[in-house]
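S.K.: Sequence:
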Amino acid sequence: MTQKYNYPQRERQRLAWIILLGSFSACLLATLSVPLFMNAAIQNTKRPLTTILQANQGTVRVDNNASESTVIIAGEPGQSIQAESRILTDATSAATLLIYPNENVTLPLARLQVYSRSTVNLNEANTPRFELSDEEQQLIAHLDSGRIQLNIPESTTERPFRTLMTTPHGEATFTEPGQYAILVDNESTQVTVLNGSTTLLAQDETLPLENNQRGIILTHQPPEGPLDAERNLIQHGNFDDSWENNWAVYIWNVELADEPKGESTLTEVAGEKAIQFSRVGMGHADVKMRQVIDQDVTDYKALTLQLTFRITNQSLGVCGVQGSECPLFIRVNYTDDNGVRRIWQQGFYANGNVTPTTPDACISCAVTQDNHIKVPMNVVQFYEADLLKELARQGFPAPRFIEDISLVSSGHSFDVEIIAIGLVAVE
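Yeah, the sequence shown ends on 600 if you go by our numbering, and it's all consecutive.
You may find that some hints are simply not true.
Calculated pairs, DSS-like style, for lysine-lysine (alpha carbon to alpha carbon, straight line, at most 30 Å) [as the list claims (entries may be wrong)]:
hint	residue 1	residue 2
1	Lys446	Lys461
2	Lys434	Lys461
3	Lys434	Lys446
4	Lys547	Lys446
5	Lys474	Lys562
6	Lys474	Lys547
7	Lys547	Lys562
8	Lys434	Lys562
9	Lys547	Lys461
10	Lys562	Lys461
Have a look at the derived ranges for each label pair, beta carbon to beta carbon [said to hold, decoys possible]:
hint	residue 1	residue 2	range
11	Gly456	Ser242	52 to 62 Å
12	Glu403	Val278	30 to 40 Å
13	Thr379	Glu417	29 to 39 Å
14	Thr279	Cys200	45 to 55 Å
15	Pro221	Asp358	30 to 40 Å
16	Asn359	Asn511	25 to 35 Å
17	Glu397	Phe569	50 to 60 Å
18	Val453	Asp377	53 to 63 Å
19	Val278	Asn238	18 to 28 Å
Calculated directly from the structure, the hints in this document are not laboratory data.
We put the beta carbon where it would ideally sit given N, CA and C, even for glycine.
My request is simple: use the sequences and hints to build the entire structure.
M.R.: Structure follows, in structure tokens:
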């Protein structure tokens, strides 16, 4: 007897099971995925924080993500800017970027002081859209060049606030209230913790910094530090092997055509390298060496000039009949708080006494100056002065931007050895 199979019935049963299992799987997937999707949306959906930019000095340029530019002028009300905007200041301008929680535009989450000749990209400034979210409020910005000061006050909100500052060399993360200074140039990023704490990251290595500590990130290098918060603005001031990369030594200027020039040489004094300017002749001659600083020094606590030198020969009395021929001048070109370009100088001499015909200051120099300082001949001398206090004592506004610093030797016959120079800034 031949057995008969009912194939259509079995196919219908199989199809029914497939539909049943598929429906169950779809129901299970929906049951699990909808809450997961809703939770992800609650956790990750963002809304922008309120970001206000105001110009403190001069004219500040803002480029938006469509490459459209606007300007904000000092004295005008602050303007709201959006994420992906770029802030640019020149030598005469400075700005403040304020980050507010949306429900409170009187107490900021953070304040960024953008100093002159700086470029800052505002990448993100957001907060979770939903109160149930566990995510932080955050500011992400990129300092391409220049200097900023980041101030994070005690938070008035329960939600944590995190700031990530990236640079061409690395990044720094700030999660605590405090005050921080960040400086970026072509070669490095420097982060100073005035109070608070931060963590630097570069080349997959981290460096924590605490109060009054500084870290530096060189190109393609991990962070270095912690270092002291003081920073020397002058490069190669001890005239090491690379000093010529930062210093420019000018040709000699000789008044009388038939008189000799002097010599500019690298020498040693008691085992230390020094630059020597020496000349024997009649009539006026001078020479100088100069280093470009290009540094905004607004809000620095101290700006200390340090100079080690020796005068071994000088033919003129004091600094000549007009006080303009000291064997050594130190000169600082700067822009003051009022935007006025000025020159500050200090002269040194080792020969002669002050008389009506040999004044103790330059009477033909349009500079800010103190009386020339007399030092012993053939003795290594150390000069130190806080430029901020010196200018205040002389009744002049504080410097805002240091352009360059020069060392000038002048007179008839003279011999000067410059052993070291520094301009130490304390933020």
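S.K.: Now look at each hint and say whether the structure bears it out.
M.R.: Hints, one by one, checked against the model:
{"no.": "1", "hint": "Lys446 - Lys461", "result": "holds (18 Å)"}
{"no.": "2", "hint": "Lys434 - Lys461", "result": "holds (13 Å)"}
{"no.": "3", "hint": "Lys434 - Lys446", "result": "holds (23 Å)"}
{"no.": "4", "hint": "Lys547 - Lys446", "result": "holds (24 Å)"}
{"no.": "5", "hint": "Lys474 - Lys562", "result": "holds (10 Å)"}
{"no.": "6", "hint": "Lys474 - Lys547", "result": "holds (29 Å)"}
{"no.": "7", "hint": "Lys547 - Lys562", "result": "holds (21 Å)"}
{"no.": "8", "hint": "Lys434 - Lys562", "result": "violated (38 Å)"}
{"no.": "9", "hint": "Lys547 - Lys461", "result": "holds (20 Å)"}
{"no.": "10", "hint": "Lys562 - Lys461", "result": "holds (26 Å)"}
{"no.": "11", "hint": "Gly456 - Ser242: 52 to 62 Å", "result": "holds (54 Å)"}
{"no.": "12", "hint": "Glu403 - Val278: 30 to 40 Å", "result": "holds (37 Å)"}
{"no.": "13", "hint": "Thr379 - Glu417: 29 to 39 Å", "result": "holds (36 Å)"}
{"no.": "14", "hint": "Thr279 - Cys200: 45 to 55 Å", "result": "holds (51 Å)"}
{"no.": "15", "hint": "Pro221 - Asp358: 30 to 40 Å", "result": "holds (31 Å)"}
{"no.": "16", "hint": "Asn359 - Asn511: 25 to 35 Å", "result": "holds (30 Å)"}
{"no.": "17", "hint": "Glu397 - Phe569: 50 to 60 Å", "result": "violated (37 Å)"}
{"no.": "18", "hint": "Val453 - Asp377: 53 to 63 Å", "result": "holds (59 Å)"}
{"no.": "19", "hint": "Val278 - Asn238: 18 to 28 Å", "result": "holds (23 Å)"}
When held up to the earlier numbered hints, the structure conflicts with 8 and 17 and fits the remainder.
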